[in-house]
Amino acid sequence: MKELSLFTGCLIPNRYPGIEKATGLVLDRLGVKWSYLKEAACCPAPGIYRSFDKITWLTLASRNLALAEEKDTDILTICNGCFSSLMDSNNILKNDEGLRSEVNTHLQKIGKEYNGTIEVRHIIEFLHTDIGVQKLGDAVEKPLDIRAAVHYGCHLLKPTRERKLGSAECPVFFDELVEATGATSVPYEGKTSCCGAGGGVRSAMLETSFKMTEYKLDRMIKAGVDCIVDACPFCHLQYDAGQMKLKRNGKNYEIPVLHFSQLLGLALGFTTEEMGLHLNEIVNLKFEEKIAQIQKRLLLNNFQGKIVLKNKPRSGVEPD
Amino acid sequence: MKNPEILTCFQCGTCHASCPSGKYTSLNIRKIVRDSATKDVSDQPELWMCTTCYNCQERCPRGIKITDAVLTLRSEAVKKGKILPAHRKVCNFLIKTGQSIPLDDKHLEIRKTLGLRTDKAAWKKALKDVNVLLRSTGFGELIKR
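In order, the protein sequences belong to chains P and D. Just so we're aligned, residue 101 is where the first sequence starts under my numbering, counting upward by one. Just so we're aligned, residue 4 is where the second sequence starts under my numbering, counting upward by one.
It is possible that some hints are incorrect.
If you anchor each label on the Cβ, the simulated ranges turn out as follows [as the list claims (entries may be wrong)]:
| hint | chain 1 | residue 1 | chain 2 | residue 2 | range |
| --- | --- | --- | --- | --- | --- |
| 1 | D | Ile-98 | P | Trp-134 | 27 to 33 Å |
| 2 | D | Leu-111 | P | Gly-369 | 28 to 34 Å |
| 3 | D | Asp-107 | P | Asn-349 | 22 to 28 Å |
| 4 | P | Gly-350 | D | Ala-20 | 26 to 32 Å |
| 5 | D | Ser-29 | P | Gly-198 | 33 to 39 Å |
| 6 | P | Ser-201 | D | Asp-71 | 20 to 26 Å |
| 7 | P | Leu-385 | D | Ser-29 | 37 to 43 Å |
Residues of chain D placed beyond 12 Å of chain P at every Cβ, according to the derived structure [what the hints assert, rightly or not]:
| hint | residue |
| --- | --- |
| 8 | Pro-7 |
| 9 | Leu-10 |
| 10 | Cys-12 |
| 11 | Gln-14 |
| 12 | Gly-16 |
| 13 | Asp-38 |
| 14 | Asp-43 |
| 15 | Arg-65 |
For the record, the hints were derived by calculation from the structure and aren't laboratory data. Remember, predicted model here, so these are calculated numbers, not experimental data. Even glycine gets a Cβ: it sits at the ideal position worked out from N, Cα and C.
Could you put the whole structure together from the sequences, leaning on the hints where they help?
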């Protein structure tokens with residue numbers, strides 16, 4: 101396997117830098133070799149650019165892919181949108197000689213070339229496949245006794261024919277990672293349903309997008325969860341900022357939203373502040389206190405144990 | 004006929020029943036995709052209510068690439084200048100900054116506090132390249148329509 105270039109995208113560095121910080125810290129702790137894809141630009145965002153003009157979308161994506169090719173590294177994404185744009189473009193360009201040549205005509209003008217020599221990864225499937233649930237569980241120092249609502253996000257799983265990560269109706273791999281931190285992945289109705297942000301809906305129809313978010317939040321609350329765990333900053337923004345918006349409408353959820361990097365960091369012993377939880381709009385002090393207590397209690401008891409992995413993690417999906 | 008695959012649809016409605024947006028909006032994915040086989044749907048606002056979640060495409064018993072069809076229909080609408088103001092704004096962010104969500108002063112300060120990279124030379128190079136490419140593909144012209 102090649103080393104990894106971290107592709108941070110737009111939303112994480114520019115709105116939720118805590119996720120970027122958390123990702124770097126957990127990758128280092130796990131001994132993963134990574135470096136930034138320094139001159140990367142927008143992936144570009146699938147919802148708008150793929151809708152607008154396929155060639156522009158492919159060309160901008162191919163520039164990012166070419167940057168990683170120059171370094172001879174694979175790309176590691178921490179956002180479902182970046183994963184979707186870069187992975188889909190990579191697959192399309194690898195298999196379509198005509199498009200590859202068209203894109204290279206544009207790339208030539210900036211002295212670059214796309215050759216199709218690297219792979220695009222997402223941190224969730226990377227951790228599951230290349231690190232493994234058992235090894236991740238072994239690395240955990242502070243098993244988190246909390247109840248989590250796992251949100252995969254649409255583009256991590258779908259289209260399944262391209263993603264090849266198994267079922268989009270009853271996925272389990274992300275739940276397995278979450279349970280490796282000691283947390284319980286709580287089943288809830290509509291678990292695989294969309295957060296409402298994608299496809300340019302959030303940017304053009306904010307109110308409408310929040311109706312879909314409210315649908316999800318209502319069902320998470322009903323299931324009794326301590327936090328939401330996601331794999332994408334766009335879903336993250338939708339749940340975090342969405343709760344603030346719905347608060348003004350009289351709904352007070354107060355569910356803290358964590359990217360998986362942040363949850364994993366807490367289980368590795370980093371503090372809530374080191375993981376940037378205070379940089380969310382929704383800051384739930386009770387949750388932060390609970391995490392601090394868990395981390396302190398284990399320290400007092402001189403915890404030496406390992407996570408006992410459940411034999412068969414539930415998919416946690418109930419009918420939509 | 005640009006997408007003859009659509010004609011294999013037997014109107015079962017699984018797509019619409021699976022649509023998270025259709026629960027709350029006037030988007031009827033079954034109807035809009037069927038209509039697109041016989042007429043121009045560029046003017047329909049529903050085209051932009053799809054979150055591209057792919058539920059419909061995944062569940063279609065005929066295996067019709069419904070979400071991909073929506074993306075194609077959207078690009079046809081864009082060619083005719085049917086662009087929502089909010090989307091045009093995002094495109095302009097890309098042209099001005101190389102990013103769809105630009106870094107603001109508040110988050111630049113947070114990045115510094117967290118000890119994260121603030122590599123302005125690299126970002127400048129990215130922006131320069133992006134603009135050469137956008138000119139080359141004609142994207143700037145496209146969004147001015």
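Next item on the list: Of all the hints given earlier, name the ones this structure violates by number, lowest first.
Entry: none
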